[in-house]
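Now for the letters of each chain:
Protein chains: 2
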Amino acid sequence: MTRVLILGGGGMVGQKLAHALMDEGLPGAEPLVITLHDLGFPEEGADIPDKRVGNLANIAEGAALAAERFDVIYQLASVVSGEAEMDFDKGWQTNLWPMWHFLEALRAQHRASGGSYRPKVIFTSSIAVFGGPYPEIIPDDFATSPQTSYGAQKAACELLVQDFSRKGFIEGMSLRLPTICVRPGKPNLASSSFFSGIIRDPLNGEDAQLPVPDWVRHWHASPRSAAGFLRHAATLDHAQLEGRTALNLPGISCTVAEQIEALRDVAGADVAARIKPLLDDRIMNIVKGWPTAFDPARARALGFTAEGSFREIIETYIADDLPLDTRQS
Amino acid sequence: MTRVLILGGGGMVGQKLAHALMDEGLPGAEPLVITLHDLGFPEEGADIPDKRVGNLANIAEGAALAAERFDVIYQLASVVSGEAEMDFDKGWQTNLWPMWHFLEALRAQHRASGGSYRPKVIFTSSIAVFGGPYPEIIPDDFATSPQTSYGAQKAACELLVQDFSRKGFIEGMSLRLPTICVRPGKPNLASSSFFSGIIRDPLNGEDAQLPVPDWVRHWHASPRSAAGFLRHAATLDHAQLEGRTALNLPGISCTVAEQIEALRDVAGADVAARIKPLLDDRIMNIVKGWPTAFDPARARALGFTAEGSFREIIETYIADDLPLDTRQS
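So the protein sequences, as listed, match chains A and B. For the first sequence, our numbering begins at 1 and goes up steadily by one. For the second sequence, our numbering begins at 1001 and goes up steadily by one.
Since the hints were derived computationally from the structure, they do not count as laboratory data. Even for Gly, the Cβ is constructed at its ideal location relative to N, Cα and C.
With a Cα cut of at most 30 Å, we get these calculated DSS-like pairs of lysine-lysine:
#, chain 1, residue 1, chain 2, residue 2
1, A, LYS167, B, LYS1288
2, A, LYS90, B, LYS1090
3, A, LYS288, B, LYS1167
4, B, LYS1090, A, LYS167
With the Cβ distance kept under 8 Å, some of the chain A side facing chain B (calculated, not the full set):
#, residue
5, ASP141
6, PRO146
7, ASP163
8, ARG166
To be clear about the criterion: a stretch of chain A counts as covered by chain B if any three or more of its residues have a C-beta under 8 Å from a C-beta of chain B, and this derived list gives those stretches:
#, segment
9, 153 to 159
10, 243 to 249
Go ahead and model the full structure; you've got the sequences and the hints to work with.
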């Protein structure tokens, strides 16, 4: 029996991961017992009995979870980019300090076990750890120089994960997720939310605002790929990371114009016409600092895979989430 | 009147900086009033009346210092690399958390001033923020992937300095100092201490242990250059950093064999013969993860300069520190 904890398990990616783990398990692992933890859970969410409502910012709560000695721990909980940028205190107090205290609690368990307890800890980082100027294609050894508080918090957590892993307290890994697109459901406060909105909302019969020029290029992967990355990460031998525990992941680099073109191809010109340009300087100021294309050679060599085209990303959304979204709206 | 605070002002670099500021001031600044802060001060140290004995790990003490609203704040205080590696708790509790609380205290002063108080904060980071594998020459946009706790702590502080600066609370900068060589005085617990010892001790008539093979290549600058970097940093317009507040600095890349050869050239074969190879796996395991050569193009363009050869570094030591060391020994 392999015991899996998903922190942030009530969120969109957490739910996708929970479903994927329930349906497919983990290759090479024993049957899974899954625990979800979050501030709350969706009503029609994954059918997992062990759902804990709580807040990791409560240090004692993190310590109590650590004391259960899960085998695999996914840490997906965070304040999103737009919110962390607007509320400096909330961003740092949510996205960095609870992670430190939770890692310290895992280290205490490692010590109490005489060194035998060393959980896999898979942290969802983000391409927001990067800052420009960028080369056309970003290599795996490119500097992190975040231009948002969210990115700085993710990068700081990566450093903690790497050092706690290097010391042997955990087997940690940080996955720098591409922007997840197409997100089902309602928009969130992430500054990247519109990248999903301009596909999802027209497919659901609604207009969508486009707050940036259509030449903006960005780096995307589907929710299905995100869940796939997270599952795959748990199957790796930690030694394969060779001490560099943060990974740039595969994705699709395309412009907003190419996104729109793919939507037109898949769903027709009428649907694509529901996208309404309305520039938003606040969003554009954040987005313009983001990276646009990667060569994720290490992750590919380690077996991580994603979609091959943005059209495929749209088709994944239609297959996995469109009926659900339509039902919700 | 420009008020300067040097945290870690009792240390070797802090003292060099204090002397340099007393002797030469800051170009373009008003006359300086200097305050030093540290756990203690050398008896024959810089003749500065305002020396505060204290500990930044005391959060209230950092807040009280912040409330004095210094114009320029140098943050040089830290546990060194070897000690941070041996004592995980002490490293993180000394090298990261006090920095966070001190920056928060400066932010509170910024807010209390209605936004007008925005001190220059110059943080001494280190090339220990890097981890291999490395290209032959490391460019300015190379990834930080620290392989020591010390490096992880410095990299995490860099992220804080950059985000607090981006938000306009401070005008911060992180200087990734080369290994400072030749350090005068006694060896310290830094894993890099021997790079100085093999030059200093023979010049002072003593044998020196060399714990690594002589093909080890490393990146050096003199204490005089370190003080020069720190002085120069305070004269820059913050906008020149273009949001990337961590800088790789100029230095000399050479092997231990080249260090020894330069010592032989300057002081003769008898002096160089006082270097005794005695491999130390613990030191070698740390040193082998360190970078060896940089192209610090940004720092050079911003006017930072260092020595042109390792021979010059030895000559700087002889000119600045040898009589003092001989007197001490």
